[in-house]
Amino acid sequence: MKRAYTLKENYEFRRVYQRGASAVSGSMVVYCRKNRLGRSRLGITASTKIGNAVTRNRARRRLREVYRLNRDRLKTGWDLILVARGRTASVSWRELNDAFLRACRKLDLLEDGG
Numbered sequence: 001m002k003r004a005y006t007l008k009e010n011y012e013f014r015r016v017y018q019r020g021a022s023a024v025s026g027s028m029v030v031y032c033r034k035n036r037l038g039r040s041r042l043g044i045t046a047s048t049k050i051g052n053a054v055t056r057n058r059a060r061r062r063l064r065e066v067y068r069l070n071r072d073r074l075k076t077g078w079d080l081i082l083v084a085r086g087r088t089a090s091v092s093w094r095e096l097n098d099a100f101l102r103a104c105r106k107l108d109l110l111e112d113g114g
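Heads up: the sequence shown at position 38 corresponds to 38 in the numbering used here, and the numbers run straight through without jumps.
Keep in mind that the hints were calculated from the coordinates and are not lab data. Predicted model, so just to flag it, every value in this text is computed and none were measured. Misleading hints may appear alongside valid ones.
Stated by the list, open to error - Only pairs whose alpha carbons sit at most 20 Å apart, straight line, appear in this in silico EDC-like list of lysine to aspartate or glutamate:
hint, residue 1, residue 2
1, K106, D79
2, K106, E95
3, K75, E65
4, K34, D79
5, K75, D112
6, K34, D72
7, K75, E111
8, K34, D112
9, K106, D72
10, K34, E111
11, K49, D98
12, K8, D79
As the list claims (entries may be wrong) - Label pairs and their in silico Cβ distance ranges:
hint, residue 1, residue 2, range
13, V54, T76, 30 to 40 Å
14, D108, N52, 31 to 41 Å
15, Y11, R94, 13 to 23 Å
We put the beta carbon where it would ideally sit given N, CA and C, even for glycine.
Build out the structure end to end from the sequences listed, making use of the hints.
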């Protein structure tokens, strides 16, 4: 993923957390906020509560891949933050993908509206 399409700075994360909307599932939390850039940006976080570095990196890789596979279905111009939870690294791909799509549907981020 290109660096220009990711959230990196602390103030960017805080802005989405404070002024954005969120949806929670068993394997992730999705925060979103409209931006004025004309393209979507992604930020991924994994707390040390999840486990050691290997587990956190696995969770981040899986969330990045779920976003990559579904980004064509999402509306553009949004800042998204995916927060890994304890189950993110071990849940099946199908459940992780379904949880992501369900959260996006709740936040009205899907292009087709449904």
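Results for each hint:
Pair hint K106 plus D79 holds up; C-alpha atoms about 16 Å apart against a cutoff of 20 Å. Proposed proximity of K106 and E95 is supported: the alpha carbons are some 16 Å apart, at most 20 Å. As the CA atoms of K75 and E65 are separated by approximately 17 Å, the hinted pair is consistent with the 20 Å bound. With a C-alpha separation of about 6 Å, the suggested pairing of K34 with D79 holds against the 20 Å cut-off.
Taking the CA atoms of K75 and D112, the gap is near 9 Å; set against the 20 Å cutoff, the hint holds. For the suggested pair K34 and D72, the alpha carbons sit about 17 Å apart, so the restraint of at most 20 Å is met. Only pairs whose Cα atoms come within 20 Å are accepted, and K75 paired with E111 is accepted, the gap being roughly 5 Å. Simply put, K34 and D112 have alpha-carbon atoms about 17 Å apart, close enough for the 20 Å limit, and the pair holds.
A distance of roughly 17 Å separates the Cα atoms of K106 and D72; the hinted pair therefore holds under the 20 Å criterion. Distance restraint check for K34 and E111: the Cα-Cα separation of roughly 14 Å lies within the 20 Å cut-off, and the hinted pair is therefore satisfied. Of the pairs offered as hints, the one joining K49 and D98 is violated, with about 24 Å between alpha carbons and a cut-off of 20 Å exceeded. Distance check on the hinted pair: K8 and D79 sit about 11 Å apart at the alpha-carbon level, within 20 Å; holds.
A beta carbon spacing of about 34 Å between V54 and T76 agrees with the range 30 to 40 Å that was offered as a hint. Distance hint check for D108 and N52: the Cβ-Cβ separation is about 36 Å, which falls inside the suggested range of 31 to 41 Å. Under the hint 13 to 23 Å, the C-beta atoms of Y11 and R94, about 36 Å apart, miss the expected range.
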